[in-house]
Amino acid sequence: DTGVSQDPRHKITKRGQNVTFRCDPISEHNRLYWYRQTLGQGPEFLTYFQNEAQLEKSRLLSDRFSAERPKGSFSTLEIQRTEQGDSAMYLCASSSYMNTEAFFGQGTRLTVV
Amino acid sequence: QKEVEQNSGPLSVPEGAIASLNCTYSDRGSQSFFWYRQYSGKSPELIMFIYSNGDKEDGRFTAQLNKASQYVSLLIRDSQPSDSATYLCAVNHGGGSNYKLTFGKGTLLTVNP
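Just so you know, the sequences run in chain order A and B. For the first sequence, the numbering used here gives the first residue as 143, with consecutive numbering after it. For the second sequence, the numbering used here gives the first residue as 14, with consecutive numbering after it.
Note that these hints are calculated values from the structure, not bench results. None of these values were measured; they are calculated from a predicted model. From the three backbone atoms N, C-alpha and C, an ideal C-beta is built for every residue, glycine too. Hints may be right or wrong, so weigh each one.
Under 10 Å between C-beta atoms, here's a sample of chain B residues computed to sit facing chain A [claimed, not checked]:
id	residue
1	47
2	54
3	56
4	118
Some chain B residues close to chain A (C-beta under 10 Å, calculated; not the full set) [as the list claims (entries may be wrong)]:
id	residue
5	17
6	21
7	49
8	57
9	58
10	62
11	84
12	99
13	102
14	103
15	114
16	115
17	117
18	119
Please model the complete structure; the sequences and the hints are all you need to start from.
What follows is the structure in structure tokens.
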């Protein structure tokens, strides 16, 4: 296992289109997190799963955003009707209850044109 | 609102010098504190975490925590050009192994050869 994997690494989309990102956590990790990072800012928490249950969502996660983790393994983050303000790096991280840290993936950079 | 504040920098130090990075946080209930390094265009990578008041050393890095002052710092000794990056301070309000983190905006460090 080489760590948290995110796909795609880069996505350019036109405003109004839907996009979906995938995150594969480290295999034994039961917790998965999505963050968003815009230029010049630190990552901002979006949502958190423990196994397949979505336990918390940030106010940043508008109704255009939806995240799933159907079998408690990989997760998807979908953005509907993208806006230019959605342009950011979307980061996924995972951890287990025994970890002292959360491990980040390489991120998906979204550009909405 | 739970906030984490960092001086955005840039902080410039000569090679071999000590770099001192500072962070303050607003939530007195915060239980664990993290320093991440982020190279341009890359995802954050954990340098150190600290839970208890005092100092924690790991190689060239020392994290310092003062909960009474709500202050966390990171010292980098014998700074190298490869240390040039943005350093993110992050706070875990919930404790335990839930890594819902609040990040600061980061401090850009430049180490000059």
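Going down the list of hints, with the structure as the test:
Residue-level restraint check for residue 47 of chain B holds (minimum Cβ-Cβ distance to chain A is 7 Å; threshold 10 Å). Against a cut-off of 10 Å between C-beta atoms, the interface hint on residue 54 of chain B holds, since the closest Cβ of chain A lies about 8 Å away. Interface hint at residue 56 of chain B: satisfied, since its Cβ lies 4 Å from the closest Cβ of chain A, which is below the 10 Å cut-off. Annotation: residue 118 of chain B was flagged as interfacial toward chain A, and the flag holds, the nearest CB pair being 5 Å apart, inside 10 Å.
Taken as an interface hint, residue 17 of chain B checks out: its beta carbon lies about 8 Å from the nearest beta carbon of chain A, inside 10 Å. Nearest Cβ of chain A to the Cβ of residue 21 of chain B: about 8 Å, under the 10 Å cut. The hint holds. A hinted interface residue such as residue 49 of chain B counts as satisfied when its beta carbon comes closer than 10 Å to some beta carbon of chain A; here the least separation is about 8 Å, so the hint holds. This hint holds: residue 57 of chain B has a C-beta 5 Å from the nearest C-beta of chain A, less than the 10 Å allowed.
The restraint placing residue 58 of chain B at the interface with chain A holds, with a minimum CB-CB distance near 7 Å, inside the 10 Å limit. For residue 62 of chain B, the interface hint holds, the least distance from its beta-carbon to any beta-carbon of chain A being 6 Å, beneath 10 Å. The restraint placing residue 84 of chain B at the interface with chain A is violated, with a minimum CB-CB distance near 17 Å, outside the 10 Å limit. The beta carbon of residue 99 of chain B comes within 9 Å of a beta carbon in chain A, closer than 10 Å, and the hint placing it at the interface holds.
With a cut of 10 Å, the hint placing residue 102 of chain B at the interface with chain A holds, because the nearest CB-to-CB distance is about 8 Å. Contact between residue 103 of chain B and chain A, as hinted, is supported at the beta carbon level, the nearest pair being about 7 Å apart and thus within 10 Å. Interface hint status for residue 114 of chain B: upheld, as the beta-carbon distance to the closest one in chain A is roughly 7 Å, under 10 Å. Checking residue 115 of chain B against chain A by beta carbon gives a least distance of about 7 Å; that is within 10 Å, so the hint holds.
Here the hint on residue 117 of chain B is kept, as its CB sits about 5 Å from the closest CB of chain A, short of 10 Å. Hint status for residue 119 of chain B relative to chain A: holds, with the closest Cβ pair at about 5 Å, below 10 Å.
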